[in-house]
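Participant: Sequence:
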Amino acid sequence: MRTVHLEIIEGIAEIHLDNPAKLNAFTVEMLGQLSGHLDRLERLADVRCVIVTAEGERAFCAGADINAWGDLTPAEFARHWVRDGHRIFDRLARLSKPVIAAMAGHAFGGGLELAAACDIRVMAPSATIALPEAHVGIVPGWSGTQRLARLLPEPIVKEMALFGRRISAERAHAFGFVAEVSATPEETARSIAQAVLGLSPRAVEVSKFMIHAGRGEDRDAMIEALGSSAIAASADRDEGVAAFRAKRKPAFSGE
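All the letters of the sequence shown, read from the start, carry residue numbers 1 to 255 under the UniProt record's numbering.
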């Protein structure tokens, strides 16, 4: 059964978490489905913006389903569950298209890490964010102590991870983690996404890469992607490819 759905309408893609009975908590299958959707979206040139949302109003995502990892050995937990989740969330963060999280409900643990991997967030007034992992004897494993610590002040991350406190939408907005607090997060996210359709796709993509390089989000890859993009548009690159195919010495012009 698919519990992560992808819908594409007129240049805007929506990823829906659909496991409301378990507060949209991640299972192994959900991680795999999310990964597949991200691979597809990266290759769809007509998709200009992505919205991540969830079914139900109680929770955007309550984290990871304990039944999915509770019986894993320490090695399995570290090698597969944590590393696979981290890799997939990194994939979301580094998507070349802008991504908006529409959070109608609470985002806890892995759900908060999912939201942090998006570019901006829209949150319902009654929703909260938290890192409750210590309540079940584990620690954040999908970038909660890394990416989240770059987006929120250190004391706030500690307030959640060390003291188990929830942060309200109002406070999250005050700290800049949330772009807007809205009674209709999905509608607001769609309105923001619509504005992206009028912008230059390449300018948006390169701007995202530059910002990520500046804040250390996969900096090495971002710098090389930017450099490769520039050189790929050069006359020297065309000459190099043509010379290779013709088995002759290239005559580079420096243009």
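Keep in mind the hints are simulated off the structure, nothing from the lab. Treat the hints with caution; some may be incorrect.
[To be verified] Just the calculated beta-carbon pair ranges, DEER-fashion:
{"no.": "1", "residue 1": "R237", "residue 2": "S168", "range": "23 to 31 Å"}
{"no.": "2", "residue 1": "S253", "residue 2": "A78", "range": "47 to 55 Å"}
{"no.": "3", "residue 1": "A232", "residue 2": "L162", "range": "44 to 52 Å"}
{"no.": "4", "residue 1": "F175", "residue 2": "G70", "range": "14 to 22 Å"}
{"no.": "5", "residue 1": "R165", "residue 2": "P74", "range": "25 to 33 Å"}
Here the structure is a predicted model, which is why all the values come from computation and not from measurement. The beta carbon of each residue, even a glycine, is placed where N, CA and C say it ideally should be.
Participant: Taking the hints in turn, state whether each one holds.
Facilitator: Going through the hints against the structure:
1. R237 <-> S168: 23 to 31 Å: Between R237 and S168, where Cβ atoms are some 51 Å apart, the hint is violated.
2. S253 <-> A78: 47 to 55 Å: About 52 Å separates the Cβ atoms of S253 and A78, which means 47 to 55 Å holds.
3. A232 <-> L162: 44 to 52 Å: The hint (44 to 52 Å, Cβ to Cβ) holds, given that A232 and L162 are roughly 46 Å apart.
4. F175 <-> G70: 14 to 22 Å: violated (32 Å)
5. R165 <-> P74: 25 to 33 Å: About 28 Å separates the Cβ atoms of R165 and P74, which means 25 to 33 Å holds.
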